[in-house]
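Student: Now for the letters of each chain:
There are 2 protein chains.
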Amino acid sequence: MELFDVQTIEDAQREVIQSVGKAFLRTEQVPLNDALGRVLAEDIPCAFDVPGFTRSTMDGYAVRAKDTQGAGESIPAFLTVVGEVEMGKAAPVAIRPGECCYVPTGGMLPEGADAVVQVEYSEPFGKNKIAVYHAVSTGRNLILKGEDTKAGEPVLTRGTVLRAQDVGALASAGVTDVPVYEPLRIAVISTGDELTPPGEPLQPGKIYDINTYAVAGMAKSYGHVITSQQVVPDREDRLVAALKSAMKDSDIVCVSGGSSQGKKDMTKRLIDELSDPGVFTHGLAMKPGKPTILGYDSVSKTLLCGLPGHPVAAVYVLELVVLDALNELQGRDAPLTVYARMDQNIGCDAGKSNCFAVKLEETEEGCIAHPVLGKSGLISTMTESDGYLVTDRNKEGIKQGELIKVRLFR
Amino acid sequence: MELFDVQTIEDAQREVIQSVGKAFLRTEQVPLNDALGRVLAEDIPCAFDVPGFTRSTMDGYAVRAKDTQGAGESIPAFLTVVGEVEMGKAAPVAIRPGECCYVPTGGMLPEGADAVVQVEYSEPFGKNKIAVYHAVSTGRNLILKGEDTKAGEPVLTRGTVLRAQDVGALASAGVTDVPVYEPLRIAVISTGDELTPPGEPLQPGKIYDINTYAVAGMAKSYGHVITSQQVVPDREDRLVAALKSAMKDSDIVCVSGGSSQGKKDMTKRLIDELSDPGVFTHGLAMKPGKPTILGYDSVSKTLLCGLPGHPVAAVYVLELVVLDALNELQGRDAPLTVYARMDQNIGCDAGKSNCFAVKLEETEEGCIAHPVLGKSGLISTMTESDGYLVTDRNKEGIKQGELIKVRLFR
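Respectively, the protein sequence lines represent chains F and W.
For the first sequence, our numbering assigns the number -15 to the initial residue and increments by one for each residue that follows.
For the second sequence, our numbering assigns the number -15 to the initial residue and increments by one for each residue that follows.
Bound conformation, chain F alone (with noise of 0.2 angstroms):
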C-alpha cells in the first residue's frame, strides 16, 4: 500500500493557486443588472463626485446658517425668499446675508447657503419672508458634494462580490457595465459501478449518484458554471474517456468516487498520466478528505481534482481546497464565519485539520453550536447543518463552551 504524502489545506490551496494562476483569471464585460453576485475583476474608480452637487435632506429652505444663529420659538430671524429650486435643475439663484430659498428634498443647495432649515421650523411672514424659528449650524440637513464617493476614489474594489447595494452604488457613479471574472467551467463526474442516476430503477447493490449534485451544487454557489455531469462505471477506459472529453472544454474536472484502495489507486495513476507536470497534491491532512488527488495539465489548462467519493468528504475538500483557493486567487474576502459557543466536548484528530457540520441555535447569550456527527457517507448530516467548523491541525478536541468559528453552508 503507497503512503499518502500528506498536504495541509493551505498547501493544497497556494499549489492549486501557483498551478493555475492567470489562465484562470478570465474576465468579460456584463451589463450592470447582470452583475449581482459577480466578482469584480479591476477597481472601479468613481469619474466625478457623488453626488455631484450639496444636496437638501428636507424640504425646507437653504439658508446661511450665520443668519439663524440666536433663533427659537420666541425670537424668530426673518429671511428674505429669493426663490425656489426645482428638483432635478439647477439652483436658479445665490444667497446673500439675510435671504433664504426653498428647496425640495434632494434639491440642489443654491451658492451662498451652507446648511437647510426644515420647512415646519418656519412660517411665511408677509409677502416674500419667512420667520424661522429654529437655528441650524453650518452643514445641517444636507448630503455634500462628493459624501457618498469622491472624485478618484473607488466606488468598489476588485474581489467584491457584487450585492443589491453595490449595484446601486456602481449606478450612482454612472456605470453601465463593469468587469467581472468569468465564471470557470467545471466538468464533474462521479465513478463507481454502484452509482445510479435518480430516475433509474435501483437494482440490488445500487445506490443513487449524490456526488455530482452536490459538487455541481457547490461549484454554481460559487457563481462557477458546470460544463457536464455524468456517472461512469469503474471501468479504465470509460474514466480516461470521460476525462479527456472533459478536459476539452473544462477548466476543472472533478472526479469523485474511487474510497476503495484500487479505485484510489486508479484515479491518482489516470490524472498523472493525463496531465502535465500532473498530480501535485496526494492526500491531505484533514478529516474527512483524506483521500484527495490534484493535478494540473498546462497544455489544456485543466485543473483535475480527483475528490473523495464520501459525499460530505467531497464537498469539503471542493469547497476549502479548490473554490476557496479560486477565490483567493479572484481577491474575494474570506468568507465571513459566525462565532459559536460548542455545546459539548468533542475529540479531534491531531494533526488534520478536522470538519465538523454543526447546527447552529440562537440564544439570549449568543450562538450555541450543536455537531451533527455522523459517518461522512452521510448526506443526512450536511443537510441538518448549518455550517461547519474547521479545527486547527494542533487541536486534539474541543471544550464544551469553547468558541468556535463556524463557516456557513452557501
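Rather than coming from a laboratory, the hints here were simulated on the basis of the structure.
Any given hint could be a false lead.
Treat identical chains as interchangeable: a pair holds within one or across any two.
List of simulated lysine-lysine pairs, PhoX-like, C-alpha gap at most 25 angstroms [claimed, not checked]: (1) 285 / 232; (2) 343 / 389; (3) 336 / 129; (4) 359 / 389; (5) 343 / 232; (6) 271 / 232; (7) 111 / 379; (8) 389 / 336; (9) 285 / 343.
Given chain F's structure and the hints, the job is docking chain W onto it.
Tutor: Just chain W now, kept in the frame of chain F:
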C-alpha cells in the same frame, strides 16, 4: 400636513401576508439540476430507505462481530473466506459462524454479517482463510440500511432553500425534479425629476438613479425576477401609466422616490386610487423607512409598495417588510443572524425599529460590530458594511460591548 399612523414592521408584514395570501404561492416543478437556491413548496418524502442496504465504509471482511471477540495482535481469530462482494451487486453469499466475505468500501454487507474488519487488520492464512488481528463490535465500519434517511421520513421539508447538500440528498432519494415556489415577478420604478439612468450624461441638479438597481438587486437575491425597471419623472400621468402597466404583468410593484412631502402624498394617493381595497400601511415605526406606503389590489392581485426615496431606507424596507413577509409565507427559515459586540455607544430613536449598518471584525474574543453611520441617502454606508442590526422598539440606545444580532447583507 397629514400625520402618519405608523405601523410596526411585524404588523406591516402581517398585513402583507393577509393581503397577498395564496395568490403569491404559485408552484412549479423543476429538474433537480436547476433547483439550487429554489424554495421547496412541499415536504419531499423518502420512498425507500437510503441507503437501501447496509454498506461497508472500509475495504475489508464482512464478519459476525462475535467471531472476532478476543482477537488481537498476538491471538488472531481465523475465519474462512466464502466469497467476495462486487461493487454495485448483491452480496453473493450469506455468512455463517466462522465465515467471512471480502467487501470493498461501499459494497453491500452479506446477510449474516454485522460488522467489517478493515483489510489492514487481516492477513491471508492458508488457501481460503484469514487471520483477524482486531476485534470489532456489531455495526463497526458500516452505514446501516436507512441510516441516511428512513423510508417515509421527509428528505427535506417545505420552505427549505436548497443548498448543494440538499440537492445531493434529494438525488440520494432518487428524486429527479422537485416542486418549488415560482419566483415572484417584481416591477421596479424610481420616480424623480432629478434621476438620470446611468449611461446618459448628467445635467446640473441631476443624479444617477440608484434605487431601481439596489431594489431590483435585493429582490433578485431572494430569487425573484424583475419584470421591468425604469425611471419616471415627477408627473402624475407618467407615474399612473407606469403603475398601471406594471400591475398587468407583475405580482409586486415597487415605487421608490418621492421624499418630499408633495411627492409622498401623491404616491400614497395614486396607490390608493389604483388598487382595491387599497393602502393598508402608510408609515412605519422604523428608522430609516418611515415614509413607506403599502397597498394591495385584489383585482390584479398586485402588491403595491411605495418605498422611501433614500436608497438605504428603500433597501431596508424592501427586505425587512416585503421580502421577509414573502419568506414567511413560503415557510422559509428566519435568516441566520451573526452575534457581535458593539464597539461604541449609539443612540436610538425610541419607539421605532432603528436600523444601523455595521462592519464586522473577527477577533480572538469573537465578532466586533463597527457601526457605519451616515445619512440614509448615502449608499456607501451600505457598501462598506457586512450587515445591519435592527433594534427593539423600546431601546433608547446600544451600549458599547452589548451583544447584538447582525443580519448579513446578501
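Student: Starting from the hint list further up, note which numbers the structure goes against and sort them upward.
Tutor: 3, 5, 6, 7, 9
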